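> Sequence:
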Amino acid sequence: MLDMLVIALATANNTSWLHQLVIIVFLVGIGILLVGMVLMAAELRTSHYSIQLAVGQNCRLRKR
Numbered sequence: 001m002l003d004m005l006v007i008a009l010a011t012a013n014n015t016s017w018l019h020q021l022v023i024i025v026f027l028v029g030i031g032i033l034l035v036g037m038v039l040m041a042a043e044l045r046t047s048h049y050s051i052q053l054a055v056g057q058n059c060r061l062r063k064r
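Here the sequence shown stands for residues 1 to 64, where the numbers follow the working numbering.
None of these hints come from the bench; they were simulated from the model. Incorrect hints may have been included.
Quick list of the computed label-pair ranges, beta carbon to beta carbon [unchecked claim]:
#	residue 1	residue 2	range
1	Ala8	Gln57	53 to 59 Å
2	Ala41	Gln20	30 to 36 Å
3	Tyr49	Trp17	46 to 52 Å
Fair warning: this is a prediction, and the values are worked out from it, not measured in the lab. From the three backbone atoms N, C-alpha and C, an ideal C-beta is built for every residue, glycine too.
Construct the entire structure; sequences and hints are all you get.
The following block contains the structure:
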């Protein structure tokens with residue numbers, strides 16, 4: 001959302017520093033998305049490991 005606002009301002013005002021700000025805001029947004037994807041992958045890995053442990057314990061209890 002912020003990126004669209006900065007792009008609109010850069011289009012309305014023809015200043016070079018505003019065009020640079022558009023690129024910076026865009027790259028920061030992409031970086032935040034990348035960090036979110038990494039955190040989501042770590043959470044999925046942790047959840048998968050804990051489910052494996054729970055299923056393994058349940059299978060071992062049924063064998064007895």
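> Now, for every hint given, state plainly whether the structure supports it.
Going through the hints against the structure:
{"no.": "1", "hint": "Ala8 <-> Gln57: 53 to 59 Å", "result": "holds, 56 Å"}
{"no.": "2", "hint": "Ala41 <-> Gln20: 30 to 36 Å", "result": "holds, 32 Å"}
{"no.": "3", "hint": "Tyr49 <-> Trp17: 46 to 52 Å", "result": "holds, 48 Å"}
The structure meets every hint from the earlier list without exception.
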